[in-house]
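Peer 1: Read off the chains here:
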Amino acid sequence: MRIVDVEAIAVSAPNPAGTYWGKASWGAEEQAGPSDPLAHWNSTQVPHPARMRPSYATGIDTTLVRIETDSGVVGWGEAKAPVAPRVAQLIINDLLRDMLIGADPRNVEVIWETLYASMRLRGHEGGFLVEAMSGVDIALWDIIGKATGEPIHRLLGGAYRDRILVYASGVPATRAARGEADHARMLAAATSAVERGFRGLKMAIGSDPAADVASVAAVRELVGTDLAIFADAAGNYDVGKAVSVGRELESLGVGFLEAPLPHEFIDGYAEVARALALPIANDVITTRYQVLRYLKAAALDVVQPDVCRSGGITELKRIAVLTDSFGVAFTPHVSIGSAIHFVASAHCAAAVPNLHQMEYWFGTNPLGDAILTESALEVKDGHLAVPQGPGLGIEVDEDKVRALAVGER
Amino acid sequence: MKISSIEAMVLKAPVPGIGTWQAASFAVPFKFAETTLVRVETEDGVVGWGEVHAPVAPEVTKTVIDTLIAPNLIGLDALQPTVLWDRQYALMRPRGHSLGFMLEAMSGVDIALYDIAGKVLGVPVYALLGGKRRDSVRTYASVLQWLPPEELAAAATAYHDAGFSAMKLKVGQDPHVDRQKAELARRAVGDSMDLMADANCRYSTAEAVAMARVLEGEGFAWLEEPIPPEDVAGYTLLRDKCDIAIAGGECECTHYRFAQLIGQGTFDVLQPDICRAGGITACHRIGVLADAHNLRVAPHVSIGSAIHIAASLQWAVSEASVFIHEFPVFDNPLVDDLLFEPLDWRAGQLHVSDRPGLGIEVRDEFVAEHRVA
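Here the protein sequences line up with chains U and L, keeping their order.
So that you can map any letter, position 122 of the first sequence is 122 in the working numbering, and since no number is skipped, the others follow by simple counting.
Heads up: take any position in the second sequence, counting from 1, add 409, and you land on the working numbering.
No lab work stands behind these hints, which were simulated from the structure alone.
Please note that a few of the clues may not be correct.
[To be verified] With the Cβ distance kept under 10 Å, some of the chain U side facing chain L (calculated, not the full set): (1) 26; (2) 80; (3) 119; (4) 122; (5) 125; (6) 131; (7) 235; (8) 244; (9) 248; (10) 262; (11) 288.
[Claimed, not checked] Subject to a maximum C-alpha distance of 20 Å in a straight line, what follows is the list of computed SDA-like cross-link-like pairs (lysine to any residue): (12) U:296 <-> L:672; (13) U:317 <-> L:672; (14) U:317 <-> U:116; (15) L:440 <-> U:101.
We treat Cβ as the ideally placed atom computed from N, Cα and C, and that holds for glycine.
So that you can see chain U by itself, here it is in the shape it has in the complex:
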């Protein structure tokens, strides 16, 4: 079996919800006002807000990958690209494609290393290259599964579970300055998660310690003690704030604190982890090498690699082995993405012994079931069923994908 065609498709769909939850929590406009992206000059907050404002797209963007073999089998993958999806598209079409054409997709791990080697000595251990590679890798696993008639999780050593406990992700905490309406929106989002049967939800904190704690307390009061609450600070605290907020979150029964510090500060993570009983998590994970640095420093309790960013299924499996060797929990990160992202994560989650839970972005997703011929993402009793069909176990509606394409092939 040989690869005969590789195509990356950058897509953008209008966001039916208006504003993506991450943008509502951490975006530049939300923090500074659209007219002045460099406001906060007088802030003495550490880290300085200007250093922590990511770029967000106006729509729901990503880069999908379609790989075709000489036997006619087509595999689909996804490179994480919530902004600038044409970058991953270009990397795949211009740089990786030549290395893939003619290769046997069953050599998926060999191919992974070949692609990584192309920029390894230039230090591309993460970022756009590994995101693009992730999309290719997922498509190759889809092909192998389809060619053998097996679902991907079985190719990974078998399933520990056929449904995955997922938590609802995308409940922005309230900011004091935004007033009552914002508070009401937060409670409505939490209520919706409960009504849809989720057993847990994750709140986007990281603006102001007092407001963050008050938000979590308000949601805890609303949902009671049965529901798990997780909190994601997106790197917006320093060690002192992380520990003091962490103590409050402990008493509110929070399940983990995600990204308390900017990801560069591994020693700081270790300090926070030592100080708190509250498990410390991080989603900013690029390849097993980066994971190993955190693990050796005893800096994390929960590792949250993203299958479309951290190196695909091949790399997530290796990360799972590493985390398991250190007695650390594994949970796939799914903040935003298409149906391919969700089901690829579910296959990994099924095949990993040390699974914690899986993230599930529960907003209206124009790239979710909407790009499939048959629904695959429905959550029942707080669980996502692991697809049992060959490969990813989904059928992508190619016409719908192409209708959302931006940029040239």
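Position chain L against the provided structure of chain U, taking the given hints into account.
Peer 2: Just chain L now, kept in the frame of chain U:
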């Protein structure tokens, strides 16, 4: 002084024989000398030039700049390169883009902003970094490809005669051949030249120790990138075990990552590349770290244009820890023909320009001729 445009452009220039170059660093074969140049313009018409290190797939960093960085910087005040560096880094920070294409793209924009700042204030970039400590920097002839031992020995003699007082050769090919390279090169030049060896991460830790012993015997100045870049613990071990200086860091980015590496005792000689590590802002921060730890810095440049070298030189003359500078020795039109006045290399030294900004004037005609995107 608001930024009115940020233009990224891909340049390709023919280099005879570049397609046949062999070395561990060429996983993707070269076809041309390629690069991404960045041209930033302010509303008042001041133009700054920068460069992204992009020896392969320069279209990628052009797309990063076109679709991500430019839309977020246009309209902002140009005269604040450090603040704008932080703004650029924040765009992808929670997504873990602390290296790779993002930082490479940022490097080009940062250099162009420094060029503008210097031109507006009427001072060379080094003056914005605290002033120059030297008028020129010693360079070493950098041989980028694997050459057979005899050819390498002849090349060493030729570079010595051309005025170089130091040369770096590529090993990491085969321990036996590598040993011959070191011995023959040393025999050819005697004590008249400093020699360094670059393994491009091809050795195991044990092979690296064995090679270090050989190089120590031949009096080499450093062993560069002996083992894979991710193996930080391996570097720490090597530095403990070997007398020869361990060099590395050309693939690394930002002061954050260098702080980690320095803290773990990885390198004696740091080799950030100004067009990859995050531009002048990042390299200046890395330089502060190096100085505080009493480490040495040898700026990396390999395949790039004259802008790359000019920017690196402005930084290098200001930096306390810089003691030598890489200088690739092959005929590269992007270096030789891009500027109205070529770089001032004489008797083994690169002399810095005292004119405002990067101190260079780009030939628009050359750019137009070699631009492909």
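Peer 1: Interface hint check: residue 248 of chain U, Cβ to nearest Cβ on chain L, cutoff 10 Å. Holds or violated?
Peer 2: violated, 23 Å
Peer 1: Is the hinted pair residue 317 of chain U and residue 116 of chain U satisfied, with a Cα-Cα distance of at most 20 Å?
Peer 2: Holds - the C-alpha atoms of residue 116 of chain U and residue 317 of chain U are around 16 Å apart, at most 20 Å.
Peer 1: Given the hint that residue 440 of chain L pairs with residue 101 of chain U, test it: the Cα-Cα distance must not exceed 20 Å.
Peer 2: OK: residue 440 of chain L and residue 101 of chain U at ~19 Å, within 20 Å.
Peer 1: Interface hint check: residue 80 of chain U, Cβ to nearest Cβ on chain L, cutoff 10 Å. Holds or violated?
Peer 2: holds, 8 Å
Peer 1: Run the distance test for residue 296 of chain U versus residue 672 of chain L: straight-line Cα separation, threshold 20 Å.
Peer 2: It holds: about 15 Å lies between the C-alpha atoms, which stays within 20 Å.
Peer 1: Does residue 288 of chain U meet its interface restraint, that is, does its C-beta lie within less than 10 Å of any C-beta in chain L?
Peer 2: Hint on residue 288 of chain U: holds, closest Cβ of chain L at ~9 Å, below 10 Å.
Peer 1: For the hint on residue 262 of chain U, does the least C-beta distance to chain L fall short of 10 Å?
Peer 2: Holds, about 7 Å.
Peer 1: Just to be careful: measuring from the Cβ of residue 119 of chain U to every Cβ in chain L, is the smallest value less than 10 Å?
Peer 2: holds, 7 Å
Peer 1: Take the shortest C-beta to C-beta distance between residue 244 of chain U and chain L; is it under 10 Å?
Peer 2: Violated: closest Cβ of chain L sits about 22 Å from residue 244 of chain U, beyond 10 Å.
Peer 1: Just to be careful, I want the Cα atoms of residue 317 of chain U and residue 672 of chain L compared with a cutoff of 20 Å; is the pair within it?
Peer 2: violated, 30 Å
Peer 1: Tell me if the interface restraint on residue 125 of chain U is satisfied: Cβ within less than 10 Å of some Cβ in chain L.
Peer 2: holds, 6 Å
Peer 1: If you take the shortest Cβ to Cβ gap from residue 235 of chain U to chain L, is it below 10 Å?
Peer 2: Given a least distance of 6 Å, the restraint on residue 235 of chain U holds.
The structure is inconsistent with the numbered hints 8, 9 and 13, although it conforms to all the rest.
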